[in-house]
Structure formats: structure tokens, C-alpha cells
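Dock chain one against chain two, each of which comes alone in its own frame, and use the hints as you go.
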Amino acid sequence: MKMFKKFWPHAAFAGLLLATGVAQAADVELLNVSYDPTRELYQDFNAAFAKEWQAKTGDKVTIKQSHGGSGKQARAVIDGLQADVVTLALAYDIDEIADKAKLLPKDWQTRLPNNSAPYTSTIVFLVRKGNPKHIKDWDDVVRPGVSVIVPNPKTSGGARWAYLAAYGYALRKNGNDDAKARDFIARLYKNVPVLDSGARGSTTTFAERGIGDVLLTWENEAFLAVKELGSDKFEIVVPSVSILAEPPVAVVDKVVDKRGTRKVAEAYLQYLYGEEGQEIAARNFYRPRDSKIFAKYATQFPKINLFTIDDVFGGWKKVQITHFADGGVFDQIYRPGK
Amino acid sequence: MKNGKKLWLTAGLLAGALAQPAWSASDDEINQLKQQIEDLDQKIRILQRQQEIDKENAEAKKKDTPVVVLDKKGFALQSGDKENELRVNGYIQADYRNYSYTGSPVDNFLIRRARLAITGKFGKYFTFNLTPSWDNNAAGLQDAYVDAAFYDWFKVRAGQFKEPFGLERLQSSANTSFVETAFTTGLTPNYDDGVQLFGIVLGGTTDYQLAVVNGNSLGGGSATSAAGTLGDNNSSKGWVARVFTSPFKNGDTDALKGLGVGIAYENAEVGNTTAGVISITPATVAPFAYLGNTVVGSDIKRWSPQGYWYYGPFGLLGEYVHVEQDVTRTAGALTNTRTLESNAWQTLFSWAITGDDVSYNGLKPKKPFRIGSDGFGAVELVARYNVYNLDDASFVGAPGATTQTQVFNTALASPAAAVGKARDLGIGINWYLTGNYKIQASYDITTFDGGAGVFNATTNTVTDRATERVLFTRFQLGW
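Chains X and P supply the protein sequences, listed in that same order. Under this note's numbering, think of the first position of the first sequence as 0, with each following residue one higher. Under this note's numbering, think of the first position of the second sequence as 4, with each following residue one higher.
Simulated from the structure, these hints should not be mistaken for lab results. Ideal Cβ placement from N, Cα and C applies to all residues, glycine included. Worth double-checking, as some hints may not be accurate.
No more than 20 Å apart at the CA atoms, straight line, and that leaves these computed lysine to aspartate or glutamate pairs for DMTMM-like [claimed, not checked]:
id: 1; chain 1: X; residue 1: 189; chain 2: P; residue 2: 86
id: 2; chain 1: P; residue 1: 58; chain 2: X; residue 2: 26
id: 3; chain 1: X; residue 1: 63; chain 2: P; residue 2: 86
Going by beta-carbon spacing under 7 Å, a handful of chain X positions derived as facing chain P [unchecked claim]:
id: 4; residue: 191
id: 5; residue: 192
id: 6; residue: 193
id: 7; residue: 204
id: 8; residue: 208
Next comes chain P alone, as it looks inside the complex (with noise of 0.2 Å):
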């Protein structure tokens, strides 16, 4: 009995000790916690929302806030919403050159090109170009354009810029694999006057160009063209049209990406002029020239077919100008008037020896030099070789010449003094520090069939022109 009631209490102590709380809060207590922990949770959201609002407002100062950028890309002054922007670039060449022939240009150091782009955007159509130089320590003004582009395929141009025709000529001045251009270059317009109508189809394989210019762009190897200038003489414009593909660009063969095919056609009106087309051999020289009194009709017509495959470390390059130009020689009651056919044709090959891969706009090193490091920048082998025929007619004399005398002064060039003929083979290589910095050396060995070089007066022949043996290098930096 003792045990039960014993029982019984601690059983009535243990529920009582179980129906009371460990700890007992007032509800005043409870409500204070309550609004403390409303009052955190309002602070936290405060804060949070403050945060939201003070990116907004950054964001938006963004869009006001104008954007210095200085990089290897070269100096550029962005508006805050990126709509507008300044960009400077430039390159400088500085070459030296080793003649090694009789009766060569003395070596000489120079500053081959010394240029600076200014370009920019304003608003979401509208480019320029306005690209001053001192090339060969001579003022003066490459790109000059406005661009209209409205849509990918359909852009408008105005202004003075290359025109589109060459293929090694398009390419920039600071992306060529040998120092100086082959003798298609030579054949094929420069800078001109005009307006051209452009853009990007087929899937953004396929470029066309078709422009209307002042058509007085000779070619040669420089700005204004060996033998004339950028001004134009008569009323009449010429016009070119360009289409180049690269059919393979967006399928799934690697090796045929790179490919790119085109044709060019040109209908310069040059107005009459005592110039010419005529190219240059890569030490600059003119190995052809008509003789005195020569007029060069104002129609000359130029087309080339013109391609390049690059893949990987591996490029070759080729094209072939052709030029038709009406030549007119008068001696007395004689008149020569001739349609001259010329052309030119080159085939450049590049490999580049470090595994970096090449392309028609350059060479981007994938381990830029470095001091310490394995760094080494790339190194590309270049090889080319290149042809320029003179057509034979421009040794004939006009028809009824009958003595010597009346073909000498009817015929529109002299073996004396032109070529028929010029071979160049060219060898070369080309190491990128960086993407900005490059050393480039090569050899060119130009040899020439048909005259312009010693006349024996004995054998009352004249033997070719001494064969030009160059060694070029160029230092260059280019943002």
C-alpha cells in the first residue's frame, strides 16, 4: 500500500512537472521580440532595396559616362552606351634595304609607312575613316570615307578609299606577307574618289563591292600611282565591281573554311593621259615606260580573278590581273594606236613554322615573346613567285612604218628602255613578337626578258635589264 501511493505521488508530481513550460514569457515579452524581428526584417529589406536602387542609378550613370580604353587594340573613347566611339590606330614601318646589282638605288634606311587611323562610330549606322601618312617622309591622306550601314548587306560608302579590286592591294598595308607588294599589285587601282555600294550576303559568305569613282587610280605601289595622281582629269567616272566567296566558311570542313574565291572588273576612264598602268618590280622601279608623246586612251579596262586558302599555319595566295589599254603614237602622217593587253600573276605561299595559324588579315601570335617565359612569338616562312608580261605589241611600230626611223618613232615603248618580260621569285620570313610588333626579312631576285638594259651599238641589240637582287627588312608596329 505504501508502494502504491508512493506510486501514485510521483506519478501526480511527474505530470505536473510536464504540464508546466520549461521557461514562461509574458505575451508583452512576445510582442516585443515580435516587433524587433519586424523591425530587422524591415531594415534588411531597406537595405536590400537601397542596394537596388544605387545599381540602377550606376547603370544608368553608365550610359552617360564616356569610356577611355588604352590596349594593344590602340586608344579608344567609348560613350557610356557604347553608341558612339573615337578610335585611334596606327603602324610604322621602318626598313632598310640592300641592293645588290649593277646600277641599283643606293641601300638606304626609310620609313616606309608611317600612318595613323582615326575612325569612329556615331549612333548605330554611321562610320569614317580618316587615315592620314608620312609615308616616305611625305604627307598625305589614305582613307578618307564615310559609312552608311543600314543593313549587313546593304552599306554605302562616300569619300576616297581603296578601290575594291586587288586582292593584295585590299589587304592592309600592315598585314603583307613580304615587305614589298607583287607586280599584280602594281596593275591595280589604288586610292580613288568615289562612292560604293557594299555589304555581306549569302550568310555572311559572300562580299560584294560595286563603286563609282573618279577612275584616275592607275595603281603602282603607293598612294598616288606611279605616274599619276588622285586628281581627276575629265567627266567621265569609271566604275568597278567586285564579288569574292567563301563558300565553305560556314560548314563543317575545317580544311575548306579558309577558302575564298573572287573576281574583279574595273572600267577606269583615266582621261587621256601620258601615264599608264604599268607595275613596279619590288624594289620599286618601273621596268617599262612608253615613249615620249604617247597618249594612253581613256578607257582602260582591268579584271582578275583572284583567291586564297588559308588553313591552319598554311596559306597560298594567287592572282592574275589582266589590263587592256588603248595606246596612241603619232610621227608625221604615221599613227600607232594599239590596244595593249598586260598582266600579272602571282603565287605567295605562307607557313607558319610555330603552329600559329595565318590569315588574310595577319598573324596573332598564340605565345606572344616574352623575356622568361617560353613565349616566342611566331615565325612564318613566306615564299612567292610572280610574272608581269608587257604585250610585244608596244615594241611594233605604227602600220606602214617601213625604215627603221618611222618604227622608232612610232612604236609606244623602246626595248632600250621597257621589258616584255619580268620574273620575280621571292623568299622570306616574318617573326611576330606580338600582335602589335613584327620583324619581317625577305629576298627578292627579279629577272627580265626583252630589253631595257645595256644596247650594243656593234650587234644593234639590246640585252635584258640587270637582274634586281633586293634584301629587304622592316621593322613594324602597328596598334
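Looking at chain X on its own, in the form it has when it is part of the complex (with noise of 0.2 Å):
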């Protein structure tokens, strides 16, 4: 009875702490902190992933989504947002996050095939049914009287690769003369009346709200809208060149060691390189790194001279502090309502 009465508080204590255990949830829970368009595709990959890891390990799953600019998406993880896989725009989002939060190793790229980027797109145009302003090349989007829409590159991952896709086609126009291009970009972004945070937020100008003569945006933007909004109200068109855009993906190392997720973080994203995961990307206007995969829905995918941003600039550390750092080209050309 003493025995009993020395350790029956220890005992309820051990209890209550297994309580407590027990109130918090068995399932895992994964946040994938994404880009703005890709709302689409990972609530398609999503419902899959989920489907394989219970079929494969009896686990229940559930991916939660947040969706923004890159740029803000980015700043958000390292302010703290508890990511254990970010799905950014480009490279040098996740770099950020890397060098500035050290959430995650720098070599993070060379983890998974591909430099971490599981499928790829571009930019192209998505106009007004019948093409009414007669936008045919990145020549007519500078016309004086053209209304341009296009996302904000200081928050827009997005709105970078069109920058720049903008910039390298007048480079390479101009016998790579940067003070031409410089003037070309000056113009393009004098035809903006509305930068949007994000990608998703520019379609919903143009498409939803009636603004502008053409919009620059993802490819797999642009076929989504036509799709959801109608055939009979858009059409897309390709330019003469664009760049290749190769949105990168990440486990965030810190944050899956201190939650537990690392195995089906991991098993995630590798989910994206594998049959299934490339299908879902094809079907929703991304292109697939698969070749067979490619194949079989390149009638989809138009055909399109595409250069990468090492060639024509020289990677992405070098264009974020020359472009869109604060006091860089962009904040020199564009002044807004000017």
C-alpha cells in the first residue's frame, strides 16, 4: 500500500504525458509551400501521392497547400513558415532560403535529377480571341498602345522568367547590346498598368477582370485558361524565342527533422520524377522530364527555340543582384503611373 501510495502520482503523471500524446494526431501532415500557379497540379498529385503512400505503408497522409508569389513564398519560409517541401519558381528562391534561413543544405539542387526540377515551362502570350492588337513576337509587346500584364518580379517567380525572357530575346535582337535591351525592357513595363503579386493574380486581371491586350505568363498558365475560361474567349501565342524556366522542388531538412517527416517528404517529391507524378505534370500544361512521357503529349506542347538563363545571363545569383535587387535594373525602369 505504501509502495502504491509513493508511486500511483508517478503513474498518473506518466499518464497524463501519454494522454497527451495520444490527443496529438498519428497522421502525418506535410506543408508544401508552392508557387501561384500550381494550385491545379498538386491538388491532382496530391490526391495520388496520398493514395500510393497509404496503399504502400498503411499511413495516412494529408498535404497542405500554400500558394503565392516565389519571391514572397520564399520570404515566408524563412520567416518561419513551417515548410517541409517548398516547389518554388526558380533556383535561387530555395538559394535564399538556403543561405539566409539554413534550412537546408546549399547543395540542395544536386539531391534530386535534374538540378530538383521535376518538369519545365515557359513563357508565352495569352491574348484576346482573334488577336485583336495583332500580337504575334516580344516586338508588339512594347508597342506604345499595347496593354501589358504581367505579375511583379520582386514577389513573382513567374514574372522573372518573363522579365527575362523579355530581355534575353532583346539582347540576343541587339546583338546582345545591354543598353538596348535595357531601353526594350523600359518600354515593355511602361505598358503595365497593374503588377499583380503573382502569377495566379495577373491571369485573374486579365482573364476575370477584363485588363489588358495580353498577358505573359506560364505556359501552363495559359493553356489552364484557355481550358477553364474558353476557347472561344482566348488564344495563346507562342514568340519567336523564350526562356526555359525549370522550377526546382526541396525537402526543407530542418523543418522535416524536427517534425518527423523526412521519409514522406522525401518519398514526395520523388513521387514527382516517378510515372505517375510525371503524367499529372503533362496533364496539367507542364512539361514533363520523362522522355516517353513527353512523347506522349508533345502534340500539346508547342514548339519553341528556348534558351536557358546560364547561356544568355550567366545564372541566377548574377541576374537577382544585376535585375531585381533593390536599386537593380528593374526598380531603375519602372516607375509606376509614369
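Below you can see the structure in the form of C-alpha cells.
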């Protein structure tokens, strides 16, 4: 009796702790912090992965999504948003998370195939049906009287790709004359009446609010707009040249190790490279890396002359410092309302 | 004929005039107008969209911007998304006591309580309370705990907190109807260290608490017990359980919504001590004490049925507390061990004569006091009667004690210093000027039976202790 009297408070305390553990859910939850236009992609992908994971392990996984401009999302993760994985628009944004918050190693891009980019995309033009302003190529979007919708490159990954696609075109056209390319990009942004923070916002501005003559957007976003809002309202114009966009993905090491979700997070990203993941990407108008799957969907994707950021600009770090950092080229050429 | 020609001519001219538009615009002009309208339409759409984007950005920024709040509920710092909060509340009680009986303490002003409650929450589940105090000019610590509230019905508290036992004890000291609490509260445990499981169940009508604590909180009238401290002197732990329900809270009968009943039980493990659970009078005097070399056993049991009823301006609170403790005194070969049972009960009545609603959690005047307006605040009349019974066995010597000396040396208490019963009648008036400021005045008359008065050597008897008559006044500011 004495022993019981001595030990029962410990047992009660242990019972309280156990009950506390039980009260926390045993199911796994992941947070995927992604860029703006990938809502539909990850809606399909998450359902497929959850089914696969449950069949394979018996565990239930719930994936929560956060979407927004890629730069904005990266800053949110740096500021403490507990992302298990990030699937952003460009490698630089994930590099920032590695550099500033030290949440994953600097060599994160080497951990998955194709520089951790399971699919690619590019930048195209979405115009109104009938193309009333006769927009055929980059020179047409800088014409006076043409209203261009594109997001803010300070917050949106897609906007940075679009800016670089236009700049790259201008460099190629003018024999790498940077001053002429700068003038070209200044004329383009003079035609931009509204800057949304992300690609989806720009689609809303153009397609739903009826603002602008042309939307510079992700290829997948353009296809989705035509599919969802009607091919009787919009058409896609493929410019003569554009940029190869490689949106990367990464596990956020410090978060998954703290939350104990590493295994499922790694499996989640690897599933993007598998057959099912590549099919889902293609069905959502992302260009799959898998050559067999790409061949299956080849007619869906227009042939387009693509350059890479490394070819023309020497990589993201250089681009960020020159163009998008405070006081960079974009800040110098863009004056709202002027 | 002439008229017919005229008629045809007129008709012809008329038809010609009707066929011609009143004003003729060229296609260019029309196209220009169309273009202007389209341009204007675009400008309006752009403005509207810019407004939408600005609003979205402002909303997003709001989530990151902390909010500072300073109002009658105190000072608070909140994160933009309201997930995190730091709040500072507190109260000051400035009292005056006037004693009018022989042998009383001196009349005095005192800072009865001065407390700063720092509370906060971090995220969805976790809150904390840190309340330092300077009661009676002595620094101390009241609450110091963290809560994890996973569900309404399942919450965990760890740290230092009021043991979930006495009904009046669990009321905030800022909300009590009288300046000093009743005998019942003196028998209930106060702050202790431990861990508590608690929650609200049955549609929000019923609270439950189950705590494992050091068990060393003896009671008394302050954060540290009348005779003991919060330090633990043994490895055994106490436990306390309480259930309190307001079964008609969600019902249709308004008069019954404020009815609540409950019961609490504690098995404390105080370790062998010379202290003991002893209540105090409203004048904060202990009318009872054990004799020297008396040891109170570690195992103390208490239980308390309790309840209240509040309806509009009327309130009634009642509780009964029963305490069992083993007490031993040894003198030579004689040992006197007895399980002493003491108890106390109280009935407290309150009436807000200004028609405001009284409640267990205090009173907020409907029309706060303001010079120049008809707001006078709220006035509450209060009355109570409470009784404290000590076990007569306290005064009995050890079995086998045959001489007066043996009885004296083994009795657990002496009538010269300890009463057998105390009764208190109190009346009071409270003026709540605002929700933050109140003035209280109460008068308590406490009578005693069975000793602790003056010893008459001739008759060898002890007269009863002198009746205590105390006037309490208090100015209190809380936020």
C-alpha cells in the first residue's frame, strides 16, 4: 500500500503525458509551400500521392498547400513558415532559404535529378480571341498602345522568368547590346498598368477583370486559362524565342527533421519524378522530364526556341544582383503611373 | 387641283425630312468615341483592380504587423494574425481596517494585494500565466503555469496554480464580495505546484479538474499557508479532484441558468509537520493552535460540496468544507493520536440594488460612474454567515491519561489558546464605480465558543475569546 501511495502520482503523471501524446494526431501532415499557379497541379498530385502512400505504408498523409508569388513564399519560409517541402518557381528563391535561414544545405539542388526540377515550362503570350492587337512576338508587346499584364518580378517567379525572356530576346536581337535591351524592357513595363504579386493574380486581372491586351505568363497557366475560361475567349501566341523555366523542388531539412516527416517528404518529391507524377504534370500542362511521357503529350506543347538563364545571363545569382535586387535594373526602369 | 399639288408637295417634303437624321456622324467619329469609351472602361477596370490588389496587400501586411491594445481590459500585444498574444493585467487593493475589541491588532492601512498578471498565448494551443505579487508589501509569486489546451475537454496545466478545490478560493481575489474571505476558504488549499488535467464537457455545462500536486498547501488566508510554506518536505504527492456543473446553463429557464453545484475532494500529503489545516477569522487571526510537540500526520483529507446561484441582481453562494487530519502528541509514555475532523460552512448573499447583474466572476456596472451624467455605477449589498467547528477531541488527553498534568501534556490543544467554535456574521456594501474601480466596506462580528479567552485561576476556567468587531474598507483598481 505504501509503495502504491508513493508511486501512483508518478503513474498518474505518466498517464497524463501519454494522454497528451495520444491527443496529438498520429497521421502525417505535410506543408508544401509552392508558387502561384500550381494549385491545380498539386491538387491532382497530392491526391495521387496520398493514395499511393497509404497503399504502400498504411499511413494516412495529408498535404496542405500554400500558394503565392515565389519570392514572397520564400520569404515566408525564411520568416518561419514551417514548410516540409518547397516547390518554387526558380532555384534562386530556394537558395535564399538555404543562405538566409539555413534550413537546407547549399547543395540542395544536387539531391534530385535534373537540378531538382521535375518538370519545365516557359513563357508565352495569352491574348484575346482574334488577337485584336495583332500581337505575334516580343516587339509587339512594347508597342505604344498595347497594354501588357505581367506580375511583379519582386514577388513573382513567373514575372522574373517573363522579364528575362523579354530581356534575352532583346539581347539576341541587338547583338547583346545591354543598353538597347534595357530600353526594350523599360518600354515593356511602361505598357504594364497593374502589377499583381503572383502569376495567378495576373491571370485574374487579364482573364476575369478584362484588363490588358496580352498576358505574359507561364505556358501551363496560359493553357489552363484557355481550358477553364474558354477557347472562344482567349488564344495562345508563342513568341519566336523564350526562356526555359525550371521550377525546382526541395525538402526543407530542418523542418522535416524537427517534425519527423523526412521519409514521407522525400517520397513525396520523388513521386514527382515517377511515371504517375510525370503524367500528372503533363496533364496540367507542365513539360515532363520523362522523355516517354513527353512524347505522349508532345502535340500539346508547341515547339519553341528556348534559351537558358545560364546561357544568356550567367545564372540566377548574377541576375538577381543585376536586375531584381533593390536598386537593380527593374527598380531603375519601372516607375508606376509614369 | 392647286390644293392637291400643295398637299403632295408638303407630304413629299415631310417624308424627305423624316428620312434624314437630325445629326449625321462620320464612321471615324463613331470609332473614336468607341475607342474613348473602351479606354475609359479599361482605366476604370485598372483602378478597381489596383484597389483589390492594394486591399490584398494590406490584409497580408496586417497578418505580420503586431497590434498594441490598451483599454480597460489592460495592455496587450498581439501578432497580426492574433495567434500570439502577450497581455498585462493586474489589480491593487488599498485597505483600511478598524478593530474595536480588546486585544485587537492596531488599526492600519495596508496594501492587501498588488498583483501583476502577465498572460499570453503562443499559437493555437499554448498559454501561460505569470503573476508576481507584492501583497502586504512582501514580494511573492502567485500563478506561474503553462497550459496546453488541445481540446475544450482536454487541457493540461503545469506549474504553480490554485488547487482546484474551494469555491470562494477559486474566485479571483479581485471579485470577492467581502474584503476578507470566510472560514471555509481558510480550510481550503491555496497555491501549490503540480500538474492538472482539466476541461469543459457536457455541452459547456460542466468543468472538471484533476490535479497531482506537492500537497503541501495547507490553506490559510494568503498565498503561503497560515502555518506552512509552498516548499515540499516529502516525496509523496497529493491529488485533488473537482467537478462543478451548471446543468441548466443552456436551458430555457433564465432563473436557473446561473445555478451551479459541485464537489471537490483532496488527499494531501503534507509530510509530518507541526502545522495543520487551521482557518483564520476575517481579522486574519488564527483562533486555534495545537500545543507544542504536536505533529500533524502527512495524510490530510478534505472534501467540499459547494454551489452558487445567480439571477439578475441576486446572488447566493454556499460551501461546506470538511477536513480530517491525524494529529499526535507524545508526553513520556503516553501518546495521543486522534483523527481530528474540523469543518466550516458559509452562506453569502448579494444583491445589486442598482439592478446590475451579479456573477461569480464579479460585477460590471451597466451605467459606469461619470460626473455630469446619470451614471452612478453599481451598488451591491452583501451579507454572510459562516461557522467554523473545531473537533472537541482536540482538547482530550491521551487514552490512559489520568492526572490533570497528563491530560494537559497530551491534549492536542488547550482551551486557553484554542476555540471550539467560531461564528461570523458580516454585512457589507460594494460600490462598483466602473468595471475597473470599486470601493468596498464591510463589517464582521466574529464570536467564539469554547475558550481562547481569559483564564480564571479561581474557577479554573477559560472564558470565551473576545468577540471580534472589524470594519474593513477597500479601494480597488483592476485592469
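Here is what the structure says about each hint:
| no. | hint | verdict |
| --- | --- | --- |
| 1 | X:189 - P:86 | violated (41 Å) |
| 2 | P:58 - X:26 | violated (37 Å) |
| 3 | X:63 - P:86 | holds (19 Å) |
| 4 | 191 | violated (10 Å) |
| 5 | 192 | holds (5 Å) |
| 6 | 193 | holds (5 Å) |
| 7 | 204 | holds (5 Å) |
| 8 | 208 | holds (5 Å) |
Going down the numbered hints, you'll see the structure goes against 1, 2 and 4, while the others check out.
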